[in-house]
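With chain A fixed as given, assemble chain B onto it according to the hints.
There are 2 protein chains.
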Amino acid sequence: MKKHNFSAGPCILPQEVLKKASDAILNFNNLNLSLIEISHRSKDFVEVMENARSLVKELLNLPDGYSVIFLQGGASLEFLMSTYNLLKTDGKAAYLDTGTWSTKAIKEAKKLGEITVVASSKDAGYNYIPKNYEIPNDVDFFHCTSNNTIFGTQIKEFSKTDSLLVCDMSSDIFSRQLDFSKFDLIYAGAQKNMGPAGTTLVVVKDEILGKTGRDIPSMLDYQVHISKDSMFNTPSVYAVYVSMLTLEWLKNLGGIPAVEKINEAKAALLYAEIDRNPLFKGYANKEDRSLMNVTFNLTDDTHKETFDKIWNEAGIVGIKGHRSVGGYRASIYNAMPMESVQVLVDAMQKFEKQLS
Amino acid sequence: MKKHNFSAGPCILPQEVLKKASDAILNFNNLNLSLIEISHRSKDFVEVMENARSLVKELLNLPDGYSVIFLQGGASLEFLMSTYNLLKTDGKAAYLDTGTWSTKAIKEAKKLGEITVVASSKDAGYNYIPKNYEIPNDVDFFHCTSNNTIFGTQIKEFSKTDSLLVCDMSSDIFSRQLDFSKFDLIYAGAQKNMGPAGTTLVVVKDEILGKTGRDIPSMLDYQVHISKDSMFNTPSVYAVYVSMLTLEWLKNLGGIPAVEKINEAKAALLYAEIDRNPLFKGYANKEDRSLMNVTFNLTDDTHKETFDKIWNEAGIVGIKGHRSVGGYRASIYNAMPMESVQVLVDAMQKFEKQLS
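Going line by line, the protein sequences match chains A and B. Quick note on our numbering: the first sequence kicks off at 1 and runs consecutively. Quick note on our numbering: the second sequence kicks off at 357 and runs consecutively.
Next comes chain A alone, as it looks inside the complex:
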């Protein structure tokens, strides 16, 4: 039975990517060798890394002066690395707290210096994105999380600030058009719109680095990785390869402008049903709704078993909400086809009929 995979991450990847990713394990580039048993310094893998890096630059439409590297450790390690690389030894930074991942980023940053939380939506269960806050003038950088997987909120307009703009885009990079050149540092775990778990994308403006006065450990130093073309040590070979395949797929689809249209249509379809169907209510503030993670609850939890049976029978997986929100979360990343969203909407309507 075909599965409709709404997992929040690791999550759905395009079928054609999975096919190529499976083939490369047996025989990569007709070498009669597996991708995962060749040297990362071999011509064949160096090409993969360079292709992945240049696809990122192309798809994000980055001007000169930015470096792209593929690291390990996920956004969780970037919480630390971004601070290490940008926070001066006696410096300050400002953070926007929009949920679990922001909170974790703030916790790690505090180990290295003075952190100001400019605003937080914690008191409302993180169901909205704070606006109209002030960013102090004397901070080394301002950090925000573009999309909040757990709560289903997404920043639509990024704050203007004179300080450096740092953004954790783990769960919505490559999903919508933005002026990426407004950001000084972007990081993203691969396991949503870019590829499988195991690698982290870092996009950084070169001129901002090397100014903290810190003696940064080599593996945490962006400049070290950049100077070695993202090959300071053995990279996470397979995760980089599958990311490259996914970026190629996105390029062939028409890039971010094309996928953005599809993502908007998928989200519109699902949110419309949530708003129309009296058995459901959305979790996030309407104006802050994420195009990637659609969070919703039943208006009456006593019908949970009935609804769960319906979507289970439809082949839907991965829509259980995070324990801190409850209810449901349908993650509809780039690779999710409209067809699967329609299957979920059909299940919601079947549920309504069954109860009427």
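Quick caveat, the hints were computed from the structure, so don't treat them as lab data. Careful: at least some of the hints might be erroneous.
[Said to hold, decoys possible] Going by beta-carbon spacing under 10 Å, a handful of chain A positions derived as facing chain B:
id, residue
1, Ala8
2, Glu37
3, Leu80
4, Pro196
[Claimed, not checked] Not close to chain A: a few residues of chain B, all C-beta gaps over 10 Å, as computed:
id, residue
5, Pro419
6, Glu470
7, Ile564
8, Thr568
9, Ile582
10, Lys617
11, Lys660
Only a predicted model underlies this, so the values are computations on that prediction, with no experimental measurement involved. Ideal Cβ positions, reconstructed from N, Cα and C, are used throughout, including at glycine.
Frame of chain A, contents of chain B only:
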């Protein structure tokens, strides 16, 4: 044409592992989902992680009191993490310098405290393992590298010390019988005897942790990862899975005692030919020769083209020596069949005949 893959790492993996690893990308556990698109919190992947962790304990015959975790960042990040977790804020540590990887470990450790290098074979191009050095009594730990991929040397007897014993076993773990309970901390990048690049094995005695007085960043803190069963953040899912498959393969083969015998036979065959054939000379001191990486040079470099043509035509790949040693390096890790070593020996003998 069949390839004989002598790459130093990432390197050869068992064919049956590659077959299963390829299948799992298309359909994992008959879920009709790819392994790399399911949640790392799903029952199916949690089982993979737990199986991998318990196979490590079983194969290394670890007593109670040890934890096994799968991290990211390779040995290069462990150079830093091991120091962070074991070196007291005002502490000292002792290191044995046996090559490039030891040197890198020492460099990162020095950022956190006072490091004594107890011995080094640098002056002899790292072609031997220093012995009879003294480890100071007042150090927090002693660190060594069990096998040196670049130079082809391997520690046969580990030093007795009253301080903690820390070992980078990236390139020979699971290849030979040792009393692993003598070590307090072992770390190893997966991409040699354990799996593909992208995950790092850490084996640590629980009681030694939490004693440095340092405020360790979460992602660098072994206790954080242990407390979350190696799932503090999204792990490198695919690399952990393929490592699990490789550990299962090793268990079915008869574990470390069985593979050790095969490894000794492969190394004996190749070193015998190097010593017999007047056209070759070994690089490493005989008593310190590695069973994993066999380094050798031509006695007369003018014949290089002739020999290179012969092994190329035999389907051999990955035996070019590291630039700091020159010549050749044949890496004969666990998954390398005797048949491939014989093909290399045949090529060496064909070379001899051709020149006679």
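Each hint tested on the structure:
1. The beta carbon of A:Ala8 comes within 7 Å of a beta carbon in chain B, closer than 10 Å, and the hint placing it at the interface holds.
2. Interface hint at A:Glu37: satisfied, since its Cβ lies 5 Å from the closest Cβ of chain B, which is below the 10 Å cut-off.
3. For A:Leu80, the shortest C-beta to C-beta distance to chain B is roughly 5 Å, which falls under 10 Å, so the interface hint holds.
4. A distance limit of 10 Å between C-beta atoms decides the matter here; for A:Pro196 the minimum to chain B is near 4 Å, and the interface restraint holds.
5. Every CB of chain A is more than 10 Å from the CB of B:Pro419 (nearest about 30 Å), matching its label as outside the interface.
6. No Cβ of chain A approaches the Cβ of B:Glu470 within 10 Å, the least distance being about 15 Å, so the stated non-interface status holds.
7. The beta carbon of B:Ile564 sits about 21 Å from the closest Cβ of chain A, which is more than 10 Å, so the claim that it is off the interface holds.
8. With a least CB separation of 14 Å from chain A, B:Thr568 remains clear of the 10 Å interface cut-off, as annotated.
9. Once the 10 Å rule is applied to beta carbons, B:Ile582 is consistent with being away from chain A; the minimum gap is 16 Å.
10. The claim that B:Lys617 lies off the interface holds: its Cβ sits roughly 23 Å from the closest Cβ of chain A, which is beyond the 10 Å cut-off.
11. For B:Lys660, the condition that its CB be more than 10 Å from all CB atoms of chain A holds, with the nearest at approximately 20 Å.
In summary, the structure agrees with every hint in the numbered list given earlier.
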